[in-house]
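Participant: Sequence lines, in order, name chains A and G. Counting in the numbering used here, the first sequence runs from 63 upward without gaps. Counting in the numbering used here, the second sequence runs from 248 upward without gaps.
Please note that a few of the clues may not be correct.
What the hints assert, rightly or not - Simulated pairs of lysine-lysine, DSS-like, Cα-Cα distance not exceeding 25 Å:
#1 G/Lys551 <-> G/Lys353
#2 A/Lys65 <-> G/Lys478
#3 A/Lys206 <-> G/Lys551
Claimed, not checked - A few chain G residues facing chain A, derived, Cβ under 7 Å:
#4 Glu319
#5 Ala349
#6 Trp351
#7 Gln355
#8 Ser399
#9 Leu482
#10 Gln493
#11 Lys499
#12 His513
#13 Thr525
#14 Met552
#15 Leu554
Unchecked claim - Partial list, derived from the structure: chain A residues whose beta carbon lies under 8 Å from chain G:
#16 Gly170
#17 Arg171
#18 Val173
#19 Tyr199
These are calculated hints, taken from the structure and not from any lab test. Idealized CB from N, CA, C, for every residue including glycine.
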Amino acid sequence: MSKGYIPDSTGRIESSLHPETGVKIVYQNVDLACSKAKGPQAISGKGPAADRMIEKAQGFLFQLDDIPEAINSKVLNNAVWFLCVAVNGESVTAELSLPVSIENQNFGRFVERIFLVKSGEWDPTKVAPLPSANDDYELVISRKE
Amino acid sequence: MQFNPERLELALRRRRLTAATLADRIGFTSVSLSRIRNLRQVPPRETVERIAEALSYPIEFFYGDCIDSVDENSVSFRSLSSVTLREKHAAIAAGCLAYSVADWLKSQYNLPNADLIDCSQERDPAAAARSLRQHWSLGEQPIGNMIKLLESRGIRVFSLAENTKNVDAFSCWRNEEPYIFLNTFKSTERSRFDAAHELGHLVLHKHGGSNQGQQAEDEANSFASSFLMPKADVLSQMPRVHTLNQIIASKKRWGVSAAALIYRLHKIGVISDWQNRTFNIQLRTNYGSTEPDSLPREISVIWKMVLDDLWKHGIPRNKIADELRLPQEELENLLFGLTSGPDLHRPAVGKPSLSVIEEK
């Protein structure tokens, strides 16, 4: 853990929490990531605990009446992001997603999705190629008369 | 020419012998040998012959001019804690011999002039590495042949076959000419890194010599890492690393050791602390201190060209050693072993040994 994040298990959900900003990141296995056509869906579905957590973190954005006149700015910044990882055979894709809500026991819409590892980018066998023939440094010597 | 006691000291250091041991071998008392070393007594030729035989040096060696000495303060030994004084003296004495070899080369051939920049005011070694790459128009591309690159930019490169891990390499300036000495006992990857490390000393610490303590060593290491593995190239070729095998297969691009690449990947943020620790443990467990999948050894390109030229002119390889009055094996030590082996391509001298046989 680095960059100020600490382990957190509030509500029995394991996450990485940044205490100063309130940003929380939860790992999530999903069916598909980095698809523009479809948002990621949790493989095992999402329960009421995740629903409450998202509602508490992101929900107030849409319920302005609930926000008091003076509010801790740290709370305003808080959000629950999901590190959504899809493993399909040797293909691995991953995105960092900020869901708005849980609908039908899974992620509904998203406020933001950051594509981290797109399709084809994860290749454990990929190696750096040998350099092209670039050692042709000009080296000239001549015999003295 | 008169007997030169300085050359006796040099030969003693090269052979890692004490004066007492030499005195014992030639059947002299230490006091008698001391008189010769201090030139209070000019030894007769028979005595010099015994000294030469005991030290396996040609007798003519001891009748030569004084050889420039390498300033010990300008020399840094990376494994300073483990290097013995005797090893240190032997390596520096090899440097002195290299000076005479370099002088011979310069007297016979026109060579590239030194083309280095002075970055002694630069506080960031990585920035100095970038500046030198820019000065040499290298861009972000990996360095193919490190020794050839150095020689093409006027740096005199010699090898040190010191048969010890304790002496890595050293560098120094002499009459505005930069010198680098590399230990060929190390792996190719380590030797390339040593060369880049010494290049860092030449560029960063010209005015104070390389022997400026741990900070100078750290700066030279940082320079070498940046010079051999430019950040932009490493990031573009290895944006993600999953396994140690990937690192071992990729290190050939930059000609560095797996450990050096792991360090660099960690430094520029490609791998995490945890990955860094894991890969290093795996590397040690699986390969110990040997370098996996090591590259072929690099040798001096200038000396290859010189020896080829001598061959073209029908001059045997041992001419250089003879002219310099050096043991052949000392020259081999300094020239990456290029002078060893038979002169396979030496043109025949005299009449060919073919004869006509009359059929009966």
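Participant: Against this structure, judge whether each hint is valid.
Facilitator: Hint check results:
1. G/Lys551 <-> G/Lys353: Distance ~15 Å between G/Lys551 and G/Lys353 Cα, so the pair holds.
2. A/Lys65 <-> G/Lys478: 22 Å, holds
3. A/Lys206 <-> G/Lys551: The hint holds at about 17 Å.
4. Glu319: 31 Å, violated
5. Ala349: 13 Å, violated
6. Trp351: 12 Å, violated
7. Gln355: 6 Å, holds
8. Ser399: 4 Å, holds
9. Leu482: 11 Å, violated
10. Gln493: 6 Å, holds
11. Lys499: 6 Å, holds
12. His513: Violated - the Cβ of G/His513 stays beyond 7 Å from chain A, reaching only about 13 Å at its closest.
13. Thr525: G/Thr525 check fails; min Cβ-Cβ to chain A is 14 Å, beyond 7 Å.
14. Met552: Nearest chain A Cβ about 6 Å off; hint holds.
15. Leu554: Violated - the Cβ of G/Leu554 stays beyond 7 Å from chain A, reaching only about 12 Å at its closest.
16. Gly170: 31 Å, violated
17. Arg171: 30 Å, violated
18. Val173: 27 Å, violated
19. Tyr199: 4 Å, holds
The structure fails to meet hints 4, 5, 6, 9, 12, 13, 15, 16, 17, 18 from the earlier list, while all remaining hints are met.
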